[in-house]
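Participant: Using the sequences plus the hints, can you model the full thing?
Okay, so the sequence shown: first residue is 1 according to my numbering, each after it adds one.
The hints are simulated quantities; they were obtained by calculation from the structure and are not laboratory data. Misleading hints may appear alongside valid ones.
[Said to hold, decoys possible] No more than 27 Å apart at the CA atoms, straight line, and that leaves these computed lysine-lysine pairs for DSSO-like: (1) K76 with K118; (2) K130 with K108; (3) K53 with K76; (4) K133 with K121; (5) K76 with K92; (6) K108 with K118; (7) K121 with K135; (8) K64 with K28; (9) K127 with K28; (10) K53 with K94; (11) K118 with K133; (12) K76 with K130; (13) K76 with K127.
Predicted, not measured: the structure shown is a model, and the values here were computed from it.
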Amino acid sequence: MFTIKPESVFTITGIRTPRLLATLGEDKSRFSSAQEIQNYAGLSPVTERSGQKSWVHWRWQCSKFVRQSFIEWASKSVGQSYWAGIYYAQQKAKGNSHQSAVRALAYKWVRILFRCWKTGKAYDESKYLKALKEKGSPLLVVEKAC
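Facilitator: Next comes the structure, spelled out in structure tokens:
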């Protein structure tokens, strides 16, 4: 039985829930870190070097279906999660394309998802926002009253 509460983080996207649950599976030893999931899903960038040159590109060798599932999930979360909307807007303000911004957001979501999966605790947006505030995260931009 899955220990992630589907009514928590997965309700953000509804139909994509089975895809994400199937990706993680029930064997918690399958992935030892969020980075492993990010690599498997093709969300983490790859840096290549040759001589004095280096370049960064997205991961080509990955499960395209899993990558698309996470990207669709992250895209949907922009309108349903306070911090996700801010993060997306910050990425766009940096000049990133929609796809690049959503991929970066999916990268962040995987870390949260991994923690929920490993601990068996439900995602709580208010707890996450509180943690961001305590760390002084730029995601919590407070608009000043006029």
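Participant: Please go over all the hints and tell whether each is borne out by the structure.
Facilitator: Comparing the hints with the structure gives:
no. : hint           : verdict
1   : K76 with K118  : 24 Å, holds
2   : K130 with K108 : 17 Å, holds
3   : K53 with K76   : 37 Å, violated
4   : K133 with K121 : 21 Å, holds
5   : K76 with K92   : 16 Å, holds
6   : K108 with K118 : 16 Å, holds
7   : K121 with K135 : 21 Å, holds
8   : K64 with K28   : 22 Å, holds
9   : K127 with K28  : 24 Å, holds
10  : K53 with K94   : 24 Å, holds
11  : K118 with K133 : 24 Å, holds
12  : K76 with K130  : 22 Å, holds
13  : K76 with K127  : 21 Å, holds
Comparing the model with each earlier hint shows a violation of hint 3 alone; every other hint is respected.
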